[in-house]
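Whole structure, please, built from the sequences with the hints as guidance.
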Amino acid sequence: DIIRGKDLFLGHQQRKKHLEKRLEQMFKNIKENNEKLNSLENEQVREYWWALNRQEIWKAITCDALQNANYFRNACSDNQKGTIGKCRCVTNDVPTYFDYVPQYLR
Numbered sequence: 001d002i003i004r005g006k007d008l009f010l011g012h013q014q015r016k017k018h019l020e021k022r023l024e025q026m027f028k029n030i031k032e033n034n035e036k037l038n039s040l041e042n043e044q045v046r047e048y049w050w051a052l053n054r055q056e057i058w059k060a061i062t063c064d065a066l067q068n069a070n071y072f073r074n075a076c077s078d079n080q081k082g083t084i085g086k087c088r089c090v091t092n093d094v095p096t097y098f099d100y101v102p103q104y105l106r
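Under full-length UniProt numbering, the residue at position 60 of the sequence shown is numbered 60, and the numbers go up by one with no gaps.
Read the hints as simulated data drawn from the structure, not as lab findings. Treat the hints loosely; a few may be bogus.
Stated by the list, open to error - In the DSSO-like style, the derived pairs of lysine-lysine whose C-alpha atoms are separated by at most 30 Å in a straight line are:
hint, residue 1, residue 2
1, K21, K36
2, K28, K59
3, K31, K21
4, K17, K31
5, K28, K17
6, K28, K16
What follows is the structure, given as structure tokens:
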């Protein structure tokens with residue numbers, strides 16, 4: 001969400017602005033180093049970068065998560081059926097629906 005510019009950063013506003021400036025510079029550097037990306041807007045470069053790197057980011061987030069980790073909250077059927085422990089596909093693929101579910105609903 002941070003990379004894609006969709007994070008609900010509820011923290012300190014000065015830090016948010018600093019983070020956004022750094023991300024803008026990073027994506028500017030990516031555009032400068034790849035001629036194919038020069039014509040794209042920064043938001044498009046963000047999505048492009050995310051599409052290329054999402055698998056590795058997901059591994060970095062979840063590779064060392066304990067089986068009983070509370071990475072996800074119970075969200076289904078009055079807490080009868082939860083999402084905890086179901087965050088990984090059998091094949092370790094990234095669950096793509098996370099890209100489209102608003103952050104506050106995850």
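Hints, one by one, checked against the model:
1. K21 / K36: holds (23 Å)
2. K28 / K59: Satisfied, since the Cα-Cα distance of roughly 26 Å is no more than 30 Å.
3. K31 / K21: holds (15 Å)
4. K17 / K31: Holds, at about 21 Å.
5. K28 / K17: OK: K28 and K17 at ~16 Å, within 30 Å.
6. K28 / K16: holds (18 Å)
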